[in-house]
Amino acid sequence: MNKDEYQKLVKKYEPKENKFQNVIYSFLIGGLVGFIAEGLIVLLMNFFDLTRIVAGAWTCLIIIFAASLFTAIGFFDNWMTKAKAGLLIPTTGFAHSVSSSALDYKKEGLITGLGSNFFKLAGSVILYGILSAFVLVIVRVIIGG
Amino acid sequence: MTFIWAFIISGLFCAVGQVILDNTKLTPGHVTSLFTVLGSILAFFGIYDKLIELAGGGATSIISNFGYMLYTGALEGFEQLGILGIFSGMLTKSSVAIVGSIVFASLVALIFKPKD
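Chains as they are written, first to last, in this note's numbering: chain W, 1 to 145; chain H, 1 to 116.
Fair warning: there could be bad hints in the mix.
Partial chain W-side listing against chain H, Cβ under 10 Å, derived [stated by the list, open to error]: (1) 2; (2) 10; (3) 12; (4) 36; (5) 72; (6) 102; (7) 127; (8) 128.
Don't read these hints as lab results, they were simulated from the structure. A quick note: this is a predicted structure, and the numbers were derived from the prediction, not measured. Glycine included, each C-beta is placed from N, C-alpha and C at the ideal position.
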């Protein structure tokens, strides 16, 4: 069997995912997260008389807390496999990656386990976020004078 | 109206992420990093400000907002302190997300056992 035939065979037995359905799921679940976030912002603004920015920060914190808690209880992993990008792209994905690596590596020790693996997945988000923002601000400063 | 836009914008970002996940070999780690960088690029062109104005929580609850906060924090720092401000101001706005996830993740790791 040559390489091409093998590739064809692999493709044949690869589990087929319904891509269209995945996109619809992601849209609906991701949309729902955004909808709930906006609802929380409006709720906090009206109940506690906060400005929109402060209410937004509280909402961010509440979403992270909820995602961490649900990850720890255990059913967030199931949701994640069903909703896919719908829960990955919102801040929930960030919180989930941090708290799941914290839970998983806890048994390997506080420093070598938890400490060094804490930002295993979220580290790249922070790294490339900061690097890109840094470069763009420099560009902006040069252009804008 | 903000509620409808919140749903549409947040959903749209997630749908694009899903298309990338399904049709390329990129992992979820790649996609989240990509969207963070996209957030700071959109902030650079002034588009993300408009998105937040339009969609409120729909735009601030996605990971791209992290890139936006890094960019605007650094820019505001520059306006106050010059070059030093880029370094000192970068994390001011996104501090909530980083410290929040560290504290809550440690807390749940302390209390709960991993479920296999």
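Given a cut of 10 Å on the nearest C-beta pair, is the interface hint for residue 128 of chain W held or broken against chain H? 5 Å, holds
Interface restraint verdict for residue 102 of chain W against chain H (beta-carbon cut-off 10 Å): 4 Å, holds
Can the hint on residue 36 of chain W be confirmed by a CB-to-CB distance to chain H that is less than 10 Å? Hint holds; residue 36 of chain W Cβ to chain H Cβ min 8 Å, cut 10 Å.
Tell me if residue 72 of chain W is really an interface residue toward chain H, meaning its C-beta lies closer than 10 Å to one of theirs. Constraint on residue 72 of chain W satisfied, holds at 4 Å.
Let me know if the C-beta of residue 12 of chain W comes in closer than 10 Å to any C-beta of chain H, holds or violated. Violated, because the Cβ-Cβ distance from residue 12 of chain W to chain H comes to roughly 19 Å (cut-off 10 Å).
With 10 Å as the cut and Cβ atoms as the points, is residue 2 of chain W at the interface with chain H? 23 Å, violated
With a cut-off of 10 Å, does the beta carbon of residue 127 of chain W approach a beta carbon of chain H closely enough for the hint to hold? 8 Å, holds
Holds or violated: residue 10 of chain W as interface residue toward chain H, Cβ cutoff 10 Å? 14 Å, violated
In terms of the numbered hints stated before, the structure departs from hints 1, 2 and 3, listed from lowest to highest.
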